[in-house]
Amino acid sequence: MGRYVLKRFGLMIITVWVIATLTFFLMHAIPGDPLSTDRGMPPEVRKNIEAKYHLDKPLMIQYAYYIKDLLHGDLGLSLKYKTRTVNSMLMNGLPASAKVGLLGMLIGVSVGIFLGIIAALNNKGFLDYLVIFIAILGMSVPSFVFASVYQYFIGVKLLWLPVAGWEGPKYLILPVASMATFYIASYARYMKTSMIEVMGSDYVVTAKSKGLSHTAVIIKHVLRNASVPIITFIGPSLATSIVGSFVIESIFGVPGIGKFFVDSVKQYDYTMILGTTLFTSILVVLGYFISDMLYGVVDPRIRLDK
Amino acid sequence: MGKDNRKILLDVKDLSVSFDTYAGEVQAVRGNSFYVRKGEALGIVGESGSGKSVTVKSLIKLLPMPPARIKTGTAMFNGKDLVKMSDKQLESIRGSEISMIFQDPMTSLNPTMKVGSQIMEGLIKHQKMSKKEAREKAIEMLRLVGIPTPEKRIDQYPHEFSGGMRQRGMIAIALACNPKLLVADEPTTALDVTIQAQILDLMKDLQEKMETSIILITHDLGVIADVAERVIVMYGGLIMEEGSIDDVFYRPQHPYTWGLLKSVPRLDNKAKERLIPIEGTPPDLFSPPEGCPFAARCEYAMPICKEQMPERTSVSETHSVFCWLQHDMAPNVVNPVIEGRGK
Chain A
0 MGRYVLKRFG
10 LMIITVWVIA
20 TLTFFLMHAI
30 PGDPLSTDRG
40 MPPEVRKNIE
50 AKYHLDKPLM
60 IQYAYYIKDL
70 LHGDLGLSLK
80 YKTRTVNSML
90 MNGLPASAKV
100 GLLGMLIGVS
110 VGIFLGIIAA
120 LNNKGFLDYL
130 VIFIAILGMS
140 VPSFVFASVY
150 QYFIGVKLLW
160 LPVAGWEGPK
170 YLILPVASMA
180 TFYIASYARY
190 MKTSMIEVMG
200 SDYVVTAKSK
210 GLSHTAVIIK
220 HVLRNASVPI
230 ITFIGPSLAT
240 SIVGSFVIES
250 IFGVPGIGKF
260 FVDSVKQYDY
270 TMILGTTLFT
280 SILVVLGYFI
290 SDMLYGVVDP
300 RIRLDK
Chain B
0 MGKDNRKILL
10 DVKDLSVSFD
20 TYAGEVQAVR
30 GNSFYVRKGE
40 ALGIVGESGS
50 GKSVTVKSLI
60 KLLPMPPARI
70 KTGTAMFNGK
80 DLVKMSDKQL
90 ESIRGSEISM
100 IFQDPMTSLN
110 PTMKVGSQIM
120 EGLIKHQKMS
130 KKEAREKAIE
140 MLRLVGIPTP
150 EKRIDQYPHE
160 FSGGMRQRGM
170 IAIALACNPK
180 LLVADEPTTA
190 LDVTIQAQIL
200 DLMKDLQEKM
210 ETSIILITHD
220 LGVIADVAER
230 VIVMYGGLIM
240 EEGSIDDVFY
250 RPQHPYTWGL
260 LKSVPRLDNK
270 AKERLIPIEG
280 TPPDLFSPPE
290 GCPFAARCEY
300 AMPICKEQMP
310 ERTSVSETHS
320 VFCWLQHDMA
330 PNVVNPVIEG
340 RGK
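Residue numbers (numbering that gives the first Met the number 0), protein chains in the order written: chain A, 0 to 305; chain B, 0 to 342.
Hints listed in this document are in silico derivations from the structure and should not be mistaken for laboratory results. The structure displayed is predicted, hence computed values, not measured ones. Backbone N, C-alpha and C define an ideal beta-carbon position, used for all residues, glycine too. It is possible that some hints are incorrect.
[Claimed, not checked] To give an idea of the interface, some chain B residues facing chain A are shown, with a C-beta separation under 7 Å as derived from the structure: (1) Gln-88; (2) Gly-121; (3) Gln-126; (4) Lys-127; (5) Lys-131; (6) Tyr-156.
[Said to hold, decoys possible] In silico lysine-lysine, BS3-like type, Cα no more than 27 Å apart, as pairs: (7) A:Lys-219 - B:Lys-70; (8) B:Lys-113 - A:Lys-219; (9) A:Lys-123 - B:Lys-151; (10) B:Lys-12 - A:Lys-219; (11) B:Lys-127 - A:Lys-219; (12) B:Lys-12 - B:Lys-130.
[Claimed, not checked] Derived DEER-like restraints, expressed as beta-carbon distance ranges: (13) B:Arg-68 - A:Leu-157: 45 to 55 Å; (14) A:Ala-215 - B:Arg-265: 43 to 53 Å; (15) B:Gln-88 - A:Leu-105: 42 to 52 Å; (16) B:Ala-196 - A:Asp-201: 22 to 32 Å; (17) A:Asn-91 - B:Lys-130: 33 to 43 Å; (18) B:Glu-46 - A:Asp-201: 20 to 30 Å; (19) B:Arg-265 - A:Asp-201: 26 to 36 Å; (20) B:Arg-68 - A:Gly-252: 33 to 43 Å; (21) A:Phe-125 - B:Glu-306: 44 to 54 Å; (22) B:Asp-80 - A:Phe-125: 29 to 39 Å; (23) A:Phe-113 - B:Thr-188: 31 to 41 Å.
Only chain A is shown next, with the shape it has when bound in the complex (with noise of 0.2 Å):
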């Protein structure tokens, strides 16, 4: 098991350095640089920020500047705020994006496995149309739909809620909301289909053919085969969850960091760019890694101890 672990992490971080890499040279081939979007700025002053920030030397030396920066933990200063580096911004806006984003991922998560539980138990009956309806609103009309119908109705309407803003609790509810009708909606469908082919299979029937009830044979059988493919979705959808959602972030204001994914690039801010890049992928990787250790958890036939 230990093996494994550290081979794993090994892997990982080729993983990202890969990724790294990549980026760096893909944004530097794409034309206009960070201050080209700066316009009539003294060749002197372009000429002492490009020295500044390494951007007059070769590429692969910008490169071996980046990747030494990276081995210390740095991720660099941003170039559009030129006094603040990419560490702080990101620290500064997870705290709030990790909130919404794990928050609505672990009600969604949950209530669309119970939901999925539900329509499976009820195959082709009132419930199962239900909650598949449900599912296949919450996959097709997109997130902003749903935070605008909730801004509108639960802020704007009934008043219950605060619409946007970021000053306690309350605030949370409706970015949290709209964060987990997604999450619903897909593992309502996830957690169906893999249960109604776990009912059909032939060690349910040995169950039955034992004399277990239907229920014993739901939750000694059934259910514990059935999360198998679901813990496949729960790593990455873990990962993705805490860096928020640019969308539902800029609809209810709240500061996460959801905005600098789409700013960045907007901006050509080099830094950034690599910064909310990679810190997405080590996220992700973390998330695949998490899903692998669950699996063995759950299944015996990968346990990794052997």
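We have chain A; now place chain B onto it with these hints.
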């Protein structure tokens, strides 16, 4: 074969099972009657789709219902009608009085549960054993079915067992509560030949020890000959012929049985003889033929065969057949199986 005085354990009368599908009603089993005596091994043989599995699975409602539905019939088991039983009553019968072994041991055990726990489940439910007692019994069962070092094996998962061992595990599960009837649905089809023989020997051995009745379903005539005392030949959801092993193998009366026997290679035949397949395809069970389902493929078919299903004709006390060739007015057909056997 003398008169069999053993008590009848399961008596099925006029059983029909249908599946309601979008395309219409599939009449998988169409009014079959048969019985199993106490301690007897009954074989049901027939090709895929002949209704043999459905027949037995419907008895303890192991089919998904709907779409499956028992249309008519009774199944008296120990004086009670299985067809009329509630789900709760059936639960107490399943696994304790009637157990099943399935075709594919690779998929019929729960992959995320220890083999031991899978044996213990039934014991805890039916015999109200404590966990500790059930565990001891499970070890004993594993030993009984010939699994070495059962104390260790009991805590392993199915994927740590080979195919043959898994089937032994299934047999241990099925026999744990000492059932009166064991239904084995193609128990050796998915196993290779040497393991097949071991599993069959084990089943015969345990049947003698535990005095369990067996219904053995297979399409393999060799397996039937090895284990069963009596055989039912099924085709198109109907019973074609029924008799003792000797009746069906040495004095077969139905052209379908002849076809089956001719399509099996024989060791005692020295002449280079071709195996003769049965030409044609099985009947469409959406709209089964009015008459004998085999008529379309039968080389002896007469006009009446396509119009009306023949009645049961008794050939001897143990042997009966559903075929118009038995009728007084039918032409005399020489049994090609007996004829073909080198004297």
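Now the hints, each set against the structure:
1. With a least beta-carbon distance of about 11 Å to chain A, the hint placing Gln-88 (chain B) at the interface is violated under the 7 Å criterion.
2. Below 7 Å, beta-carbon pairs count as interface contacts, and Gly-121 (chain B) has one with chain A at about 4 Å; its hint therefore holds.
3. The interface hint given for Gln-126 (chain B) is violated, since its Cβ lies 11 Å from the closest Cβ of chain A, which is over the 7 Å cut-off.
4. For Lys-127 (chain B), the interface hint is violated, the least distance from its beta-carbon to any beta-carbon of chain A being 13 Å, above 7 Å.
5. Violation of the interface hint for Lys-131 (chain B) is found here, the shortest Cβ-Cβ separation to chain A being roughly 19 Å, above the 7 Å cut-off.
6. Checking Tyr-156 (chain B) against chain A by beta carbon gives a least distance of about 4 Å; that is within 7 Å, so the hint holds.
7. For the hint pairing Lys-219 (chain A) with Lys-70 (chain B), the CA-to-CA distance comes to about 32 Å; that exceeds 27 Å, so the pair is violated.
8. Of the pairs offered as hints, the one joining Lys-113 (chain B) and Lys-219 (chain A) holds, with about 12 Å between alpha carbons and a cut-off of 27 Å not exceeded.
9. The hinted pair formed by Lys-123 (chain A) and Lys-151 (chain B) fails the criterion: a straight-line CA distance of about 44 Å is larger than 27 Å.
10. Restraint check: the Cα-Cα separation between Lys-12 (chain B) and Lys-219 (chain A) comes to about 36 Å, which exceeds 27 Å; the hinted pair is violated.
11. Between Lys-127 (chain B) and Lys-219 (chain A), the direct Cα distance comes to roughly 18 Å. Compliance with the 27 Å bound is thereby established for this hinted pair.
12. At roughly 40 Å between alpha-carbon atoms, Lys-12 (chain B) and Lys-130 (chain B) are farther apart than 27 Å, so this suggested pair is violated.
13. Taking the beta carbon of each, Arg-68 (chain B) and Leu-157 (chain A) are about 50 Å apart, inside 45 to 55 Å as hinted.
14. For Ala-215 (chain A) and Arg-265 (chain B), the Cβ-Cβ distance of about 48 Å falls inside the hinted range of 43 to 53 Å, so the restraint holds.
15. At roughly 43 Å, the beta-carbon separation of Gln-88 (chain B) and Leu-105 (chain A) lies within the given 42 to 52 Å, and the hint holds.
16. At about 23 Å, the CB distance of Ala-196 (chain B) to Asp-201 (chain A) agrees with the hint of 22 to 32 Å.
17. Evaluation of the 33 to 43 Å hint for Asn-91 (chain A) and Lys-130 (chain B) yields a failure: the beta carbon distance comes to about 54 Å.
18. As the Cβ distance of Glu-46 (chain B) to Asp-201 (chain A) is approximately 21 Å, the hint placing it in 20 to 30 Å holds.
19. A beta carbon spacing of about 34 Å between Arg-265 (chain B) and Asp-201 (chain A) agrees with the range 26 to 36 Å that was offered as a hint.
20. For the hinted restraint 33 to 43 Å between Arg-68 (chain B) and Gly-252 (chain A), the CB-CB distance of approximately 59 Å leaves it violated.
21. Evaluation of the 44 to 54 Å hint for Phe-125 (chain A) and Glu-306 (chain B) yields a pass: the beta carbon distance comes to about 47 Å.
22. Distance hint check: the CB atoms of Asp-80 (chain B) and Phe-125 (chain A) are about 33 Å apart, consistent with the given range 29 to 39 Å.
23. Between Phe-113 (chain A) and Thr-188 (chain B) the beta carbon distance is about 40 Å. The supplied range of 31 to 41 Å therefore holds.
The earlier numbered hints that this structure contradicts are 1, 3, 4, 5, 7, 9, 10, 12, 17, 20.
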